[in-house]
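Student: Sequence:
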Amino acid sequence: MANSKYEYVKALFEAEDKLMPSTWIVLRINGSNFHKFSDEYGFEKPNDERALKLMNACAKAMLEEFPDIEFAYGFGDEYNFVFKKTTQFYKRCSSKIVSIGVSFFMSVYAREWKEFFPDKDLSLKSAPFFKFRTICYPSTTIVRDYLAWRQVDYCHINNQYNTCFWMLVKSGKNKSEAQDEIKSSRSQDKYEILLKQFNMNYNELPAIFRKGSCVFRDKVEEKCNGNGQPVERLTSKLVIDHPDIIGDEFWVDHRHILKGNTTPN
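Taking the UniProt record's numbering, the leading residue of the sequence shown gets 1, the next gets one more, and so forth.
By construction, these hints were calculated from the structure, which means they are not laboratory data.
All the pointers check out, no bait thrown in.
With a cut-off of at most 25 Å between alpha-carbon atoms, the simulated BS3-like pairs for lysine-lysine come out as follows:
hint, residue 1, residue 2
1, K131, K18
2, K196, K45
3, K183, K173
4, K45, K170
5, K18, K91
6, K131, K36
7, K259, K237
All values reported here derive from a predicted model rather than from experimental measurement.
Let's have the full structure, built from the sequences with the hints guiding it.
Tutor: And the structure:
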């Protein structure tokens, strides 16, 4: 092992940034200046299902590539990746987790772009940018509260506002007029605007818009193997779904998720 006189630069100046042990690590991605990017490529407003499914494909690829990611939740231009509580992924070094995560996610986004936008070329001059951060949570309860917060405040509330706003704009109002009409409105008010003015029942919109997307490993029944031979067995499979993760039902039905290790939380 080399040990030259110059090695002091590592010992003195390369800071350790290890994340707390025995905590759930959440790696959160957000699009940077994504409004400009979505406008440039003509994303449908308020939701472009192709763009959302592209993000889901990137998230699924993350779970395939990194087995220590146990669960992912995303909406819009955001995705949250929950690492196992016992993970030693890159020795829990925050900068390495972030750098590996962002580079892999962006590479998949660019690679899969044509699958979802076959009529649009992704220019290197106007490629998407993402920012990442890591957060540590000590218990399953707090991780669930974090995910519920993202689904309630950042997915549902924002999506209802944006749906109402863009329906008003598409009906002929300018953006300022649309903002004025809904800026002080409550959730029920927006529901009534959509129903009465546009005959749109918000609760019947696709769940991917209202609730976001979850990616996780689940046990599914397999009735034939890869050779087409009949079998009956349970196998682990990556699933993309759009459930309510605020209440208990999803977590009761999927007890293997966020199970942690031998510690109670």
